[in-house]
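Chemist: Listed below, chain by chain, are the residues.
2 protein chains.
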Amino acid sequence: MALLVLIFSIFITLSLSPMITSQKLHPLDPLTMSEITLVQTIVKKAYPTTTTTTTTTSHNNLTFHYVGLDEPEKRTVLKWQSRPKTVRIPRRALVHARYNKQTLELIVDLSTRSLVSQQVHVGHGYPVYSFDEQTKASDLPMSYKPFIESIKKRGLNMSHVVCSTLSVGWFGEDEKGMSPREIKVQCFYTEKTTNLYLRPIEGITMVVDLDNIKIVDYQDRIRVPVPKAEGTEYQMSKQRPPFGPRLSAVASESPNGPGFKLDGHTIKWANWGFHVGFDSRVGPVISLASIYDIEKHKYRRVLYRGYVSEMFVPYMDPTEEVYFRTYFDCGEDGFGQSAVSLEPLADCPHNAVFMDAYYADENGNPVQISNAFCIFEQHAGHIMWRHTESGLHEGEVREVRQDVSLVVRMVSTVGNYDYINDWEFKPSGSIKVGVGLTGVLATKGVPHTHVDQIKEDLYGALLAENTIATHHDHFLNYYLDLDVDGQENSFVKTDLVTKRVSDHSSPRKSYWTITKKTAKTELEARLNVGLRPSEFAVVNPNIKTKVGNEIGYRLMPGSATIPLLTSDDYPQIRAPFTNYNIWVTPYNKSEKWAGGKFVSQSRGEDNLAIWSLRNRKIENKDIVLWYTIGFHHVPTQEEYPVMPTLTGGFELRPTNFFERNPVLKSQQPAPSVEPSSPVTAATPEERNVRDIEPGSPVSNSPDVTVSVTNEQLAHII
Amino acid sequence: MALLVLIFSIFITLSLSPMITSQKLHPLDPLTMSEITLVQTIVKKAYPTTTTTTTTTSHNNLTFHYVGLDEPEKRTVLKWQSRPKTVRIPRRALVHARYNKQTLELIVDLSTRSLVSQQVHVGHGYPVYSFDEQTKASDLPMSYKPFIESIKKRGLNMSHVVCSTLSVGWFGEDEKGMSPREIKVQCFYTEKTTNLYLRPIEGITMVVDLDNIKIVDYQDRIRVPVPKAEGTEYQMSKQRPPFGPRLSAVASESPNGPGFKLDGHTIKWANWGFHVGFDSRVGPVISLASIYDIEKHKYRRVLYRGYVSEMFVPYMDPTEEVYFRTYFDCGEDGFGQSAVSLEPLADCPHNAVFMDAYYADENGNPVQISNAFCIFEQHAGHIMWRHTESGLHEGEVREVRQDVSLVVRMVSTVGNYDYINDWEFKPSGSIKVGVGLTGVLATKGVPHTHVDQIKEDLYGALLAENTIATHHDHFLNYYLDLDVDGQENSFVKTDLVTKRVSDHSSPRKSYWTITKKTAKTELEARLNVGLRPSEFAVVNPNIKTKVGNEIGYRLMPGSATIPLLTSDDYPQIRAPFTNYNIWVTPYNKSEKWAGGKFVSQSRGEDNLAIWSLRNRKIENKDIVLWYTIGFHHVPTQEEYPVMPTLTGGFELRPTNFFERNPVLKSQQPAPSVEPSSPVTAATPEERNVRDIEPGSPVSNSPDVTVSVTNEQLAHII
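In order, the protein sequence lines correspond to chains A and Y. For the first sequence, my numbering assigns the number -11 to the initial residue and increments by one for each residue that follows. For the second sequence, my numbering assigns the number -11 to the initial residue and increments by one for each residue that follows.
These are calculated hints, taken from the structure and not from any lab test. All the pointers check out, no bait thrown in.
Same chains, same label: a pair holds when it works inside one copy or across any pair of copies.
Simulated pairs of lysine-lysine, DSSO-like, Cα-Cα distance not exceeding 30 Å:
#, residue 1, residue 2
1, K420, K605
2, K216, K532
3, K226, K534
4, K180, K140
5, K505, K443
None of these values were measured; they are calculated from a predicted model.
Start from the sequences, fold in the hints, and give me the full structure.
Modeler: Okay, here's the thing in structure tokens:
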């Protein structure tokens, strides 16, 4: 086996040596602007472009829908990582394009400027929508006579109408054949508001043929009042008094600059090192996350690659205008290309560093998203660990370490919703993954102005007059290629099991203990969390701690949400990755997205659930953990006209990965400012004498034990 | 009804007028030092004290075990709140004492300096242990010959031995009679370490009669090696290189001082107002939490009173030395009197304000806990709400508000464990309650030095040579007397229910909708969370929003943990409040503690589960929500020798409480420092030209839209 690997590695090295590689780039760096342009040039050369122009729009026979890094083989990346000077890795791009109404899957080698693979996709499903075609589709109604007529009949003014695209999904149409590539269009009224989603023009639904940019179906089914503009605006400049509370400012500085080092896309901070990539489909990609072990004097790998592999957002209204709203935000809209520029001092704190991102538009041109990422140290006032010991002969001992973490943030705005994606690294070894849901709720117009008028299910909550916010779900699937101190890992479920003491050997009648089970094949690792008291871990069965525990990382789930759609319903057939919270597969470079490769109008034929049916072996293999978290969302009036962030997430936490607490000897910063006496509130007795306000130091501050000497502080890794 | 209330209030006012009241105090303020002293004087006068002195110790016939505010009737407090100048409230103390080996329950009126109620407790169960008697019990072995002999036999040195007390629980002893008041004592070896819990002297268990401070049972059952000191120390001053990462400093200032006002124990911050009390048994008590509604121009009450009413920490080892470890940290140890002094810049951030607390010792003397509370604004870099809108004709709109919250923190150290108790108030109306578990694990000594040697269940994890950390649970019950905009509230469970579309009226085959059910009586509201997709809310059925939704607050549970002990096991019989995550009772001043009043050696006769069996009406009543969160804890090596904080909690979130997003018009602070250009990382292209490090501003910063004008900022409530 070792010999085989060696031979293979020589082959790789030799076969790569003549290629031109971008030495300045990390092999997992996202494609640069110039690389995207190069992809465009190479593809356009192979697929000559013609443009069709109609009176209303023009479109090309070649359109780009996904241009991303073709991730090098994992073993090659790892080899490069250990010998970056000698191992060279080709830069390749993976392209999904439409050419003459066919879907192409291309691999472009940027070093040789050649197409190394060209395939025509023949199954169902279409690539990610481009923004350009969505814009064109949204513009069609503006010059579409039946629509203009419908708007007129409603007494509305076309100049305030904006339209938006919505994926069509699949509902059993053309069961035996191919569906045309389509998108739905619905419209909103922006008179006196920027908050279009709260002023739906109800009853009108159009279907656009995307390959011809043409309205192919038009329905004006019902007419209900457009909800009024009053109260929908969220821009501060448009608000009138009374205003809400003014929150206090914090003027913070990190006197020594950021505590992390950013070298290209590689970050080193505290005991962590990792790579932050970007992908137009999935957004932020964390790679090669390793943590320095001071006892083993080396970085130990935790996560080879992690990202949101798919999202599923089904709405729960079966009526004509809403039933199809069953979005896949990665595979249909591109969670990465939906990233928005972050606002300094609001989206991210004062100490954030920003990073741009690039994706390809429909024509293959690079598009920059400024400040797509922010990276910052989070000083939230949490306690890393502490103990006060008062049971000693020699008096009280108190040791406390404050916690600091490093956060990588991206916000993706997919239509009305804004998703805040946080990857938080903690010195204790935890990776906390957070998702925040904010933005605007999807609503529909109804005639009702009061709950008392509602006699049948309106499939949502009445948030304002004429405004129903539809019940819906959010499911996010995270691809987590954990490499716990090496590639060969196993997935272990630890059940907590009640034991009865029936032999009167103890005054106790019961206790619980643990039973561990290693999943041997994929189907054994398909699990829902929360049903039983269990812990879930990826372990390295080949490495043990000194006392013999298997080293591992635990998944601490944050939500036990499972789908409520029936399993024979079309949206659920397309999103079976939501059926289980946990899936484990053997690493396979081609299995990247839980919802499948071509998700738009997919039919459930290619996805994580299907791959897993092969029931491959996963014990002591290079495995990938796929974790689905979900939110069932019953809207409330507090979420109108814009939603306070609703947060969820999960944690990857070391479990016997370290011999001992890895932050036992972490060093607290020497206070860079004179540590002011703590402000202590007055006792009632004191208040009788003098009127102390917080802010004025008082004398009864405790002695602060400085437990770190200067000499100790000098010792840094 | 109104008349009755009026008559009552006149009665109260008249009956109080001749009394001397502490006008400077809030009716819910904890007892002051001088008030505690006054309680002591009054009680000692009524119960003459004698002291028994033996060769080893001395104890009084009168001991104080709980001295706390006797909470005034709720209606009286509310009346006072609306007319603080005219309504005077008596200051009364509730005292649990032992006098001549009987348990007394006394009510002391501080205004009249009299005992207004004196009862002898005749049932099972004893009051909270005093620290003094625990110290005396822990000292007994030091001069106890059999123990000295046992230590000698083990080759250990008495000068390094410390002992600790452990509650005895109840395991069916004296089924028909009374148990003597007892505590167990076990010992530890502190040679070369302060971390006593990791050096247990295994096999020796003593029982101390607490009323006589005398060892009544001595067992030296087994002898196993004391785990070695190496690696157990957590004090920074004792660590040797290599050190862990040095975390970066943040020098922060709130240029205008704290953003909150502290008047005695009353806090006003942003749109919140509330009272922070202290109780020696339960710790921090949040009262009268109200939020200002800018639309209704008034504060609206949310939480009348909230605190940890009981904890239950059972260990899962049935053997002689561990089986009884089934702690009730409030009712046995006093979660409040276990509060420790917080360390500035470590336990709490730079901008924290500290507050002291007082409790009564065994003799009734006031004891000060300096810096028992800290209160700080948390600037964690979270996003309060945001939206980027790119679907408008007039270009992109971006609105973002950063989030700030206010945290009230107390840390209670109960023996080996440190519990971080956070109450976090958010301007959006949420109250997030957090509990962090840190400190040292409870361990037992075993002969094993490697997992491979373990052939049978050792009831825990081998964390180091000879060291098993025992499996255990933590259950915390929160008393949450929500008053959602008034006292009369109902508890509503909202189930999410799948509906099938079988009439082909829609291309969809299913969706979910909601069904709401109001609990009419107590037993209908006993619920476990996580089993079904449900939401839980306390609503005010008498107040609706303009469009007709019932106003409410939602409980967003943070854990679905339920007990794994069998229901006939003694510890579980004593802690049946853990059987359900949710309980709802009608407000009853005497029902304060979920585990019952006298918890030590209790037998399950008086507790939340028993009270609830009356199955009282809870619809449109003044109700109390009791919520139990739990942790099952399988220890890991990372938790040795001190545990990185493990965090849990829950959220109370407004649900149709407000007409709209209450932070829509919240005002962001004007940056008090020149907003530096955001630091943007270099693109790979740029890196080829210049080597940019984070910290050096680069020019491609986006235009920051300042969306608040100065005039707008001038409008503050």
